[in-house]
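Those sequence lines, one after another, are chains A and B. Okay, so the first sequence: first residue is 1 according to the UniProt record's numbering, each after it adds one. Okay, so the second sequence: first residue is 1 according to the UniProt record's numbering, each after it adds one.
Errors might be hidden in some of the hints.
Copies of the same chain are indistinguishable here, so a pair counts whether it falls within one copy or spans any two.
Unchecked claim - No farther apart than 20 angstroms at their CA atoms in a straight line, the calculated lysine to any residue pairs in the SDA-like style are these:
{"hint": "1", "residue 1": "Lys127", "residue 2": "Tyr48"}
{"hint": "2", "residue 1": "Lys115", "residue 2": "Asp165"}
{"hint": "3", "residue 1": "Lys273", "residue 2": "Phe35"}
{"hint": "4", "residue 1": "Lys167", "residue 2": "Glu198"}
{"hint": "5", "residue 1": "Lys58", "residue 2": "Val40"}
Since the hints were made in silico from the structure, they are not lab data. Note that the structure is a prediction, hence the values are computed from the model and not measured.
There are 2 protein chains.
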Amino acid sequence: MSAQIRVMNAAGEYEPYEEEKVRSSLARAEADGVFQDRIVEHLRTKLYDGIPTKVVYKEILHLLKKLKSSLASRYHLKQAIMELGPTGFPFEKYFAGVLESYGYKTVTNDYIRGKCVTHEIDIVAWKEDCHVAAAPRNDIAALGMTSSKIMIECKFHHEPGVRSDIKDGLYTYARFLDIKENGFDEIWLVTNTKATSELVAYGNCAGLKVISWNYPEDFSLRLLVSQKKLHPITVLNSLSSVDKQILLANNIVFCYELLNPKVNCLPKDALIKAQNEARLVIGTN
Amino acid sequence: MSAQIRVMNAAGEYEPYEEEKVRSSLARAEADGVFQDRIVEHLRTKLYDGIPTKVVYKEILHLLKKLKSSLASRYHLKQAIMELGPTGFPFEKYFAGVLESYGYKTVTNDYIRGKCVTHEIDIVAWKEDCHVAAAPRNDIAALGMTSSKIMIECKFHHEPGVRSDIKDGLYTYARFLDIKENGFDEIWLVTNTKATSELVAYGNCAGLKVISWNYPEDFSLRLLVSQKKLHPITVLNSLSSVDKQILLANNIVFCYELLNPKVNCLPKDALIKAQNEARLVIGTN
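For reference, chain A alone in the conformation it holds in the complex (with noise of 0.2 angstroms):
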């Protein structure tokens, strides 16, 4: 049956169904074969031919609530991080803390003087050399001679379908030059959707590194999340949108950060259930 059917993307695009890429979207979030199995059908008697991605993924995520919950949370994880909007700054402090949590020393919106103007840049990475780990914290110009210095530029989009596309690359590559002087060895563009074909060739060219959902394959930002569990707090099916609006007005982007215990901007039994959550999802009990 599957070979007849055809689903539309967000992009308004039809590609074959593959049941293939729902079991591996489910491994993804961990769920066993026999999770799978439960779901695969049940997605066989709802599929009709031109059904919306966006609708089989309801399908898929309303099962997995009803079935386990915590599955459910990480199997929105490329949703959840499109919620961090609807502006760019909580993706910023997001991959920055993704970043962080690999060994990078992160400054994030940092006005850098270039050759010609001032730039605002959202993210400035390097890694600390054992020699220089007594410099301060915020001389990056005195950290980035001893180690490779990195501009990154995040592109979020609020909205799926919608790809990071070849001038956001120029743009980016640009700005790269004009500051370059100023002690920046590499570039780097993060979206959290897709990004085009034309970018990634520009990028491969050009060198600047382009990181998007699902590229490149050993450094794409799913991989980065999902192998150190750094799930946003938008994943928790137990807090409501304006909790996690006060959450990450509050700085607190990461699951693992709810469970510090510090944290009191949540009503007691929200948070409680938030944490408990929060435990699943990242595997802590």
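Dock chain B against chain A, hints included.
The following block gives chain B in isolation, referenced to the frame of chain A:
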């Protein structure tokens, strides 16, 4: 009285109301002192603190239409260029036409292979050298070897108050760098609205020529257009919106093109009316 009154511009900023500005905008539309007096006097009865510039503009236009229609059309110039939208394509064609009337050769929407990727370039322009006058019209590369070849990015805004900003300058410059080795010598960014001061600063420093509605003083879009009466057909009050779209779709962009006896895409009555108005606007009776 005028000292106490502020106007609110399209970007939502307040600035003092200045009769002199109204007078000079009327003078640019070739309104003599008597017309100017009548209009500033009329405005005095309508002004209040915080009045939006678009309300002031509408008052002036309304009165001008009653007093002298051809004057109203010339006064309407900036708004008329905005009406070339909603897409940027007619503006690209319009600006290419403006350049042609200053002796440039142009090709619009050409695909140029860069070092990394292929780019669609809004306008490629050059001044033909008499020695290569016999070169084929479309062989830009050949022509470009003998005169300065210019890559032009057009940034059209359909709404007032939107300014072209540093990002536009950055991506344009990076695109230029990618195709530069294909024989390009200059890079221009042309916009129908204002450019931010940051974009102008970046342009001056990086060697990107920024041309906006009123910058630079000796090569602004306003100057280029009004100096040679290159009014677009959208200035004409006698044309309906639908008829304007029909003409644009038929590549008739300038008022003077309407006077070409071969134009036949409008009903005869409407065409004669529009041609009469066009003659008054561009002053050829």
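Going through the hints against the structure:
no. : hint             : in the structure
1   : Lys127 to Tyr48  : neither (50 angstroms within a copy, 59 angstroms between copies)
2   : Lys115 to Asp165 : between (26 angstroms within a copy, 17 angstroms between copies)
3   : Lys273 to Phe35  : neither (24 angstroms within a copy, 73 angstroms between copies)
4   : Lys167 to Glu198 : both (10 angstroms within a copy, 19 angstroms between copies)
5   : Lys58 to Val40   : within (13 angstroms within a copy, 62 angstroms between copies)
Consistency with the previously given hints fails for numbers 1 and 3, ordered from lowest to highest.
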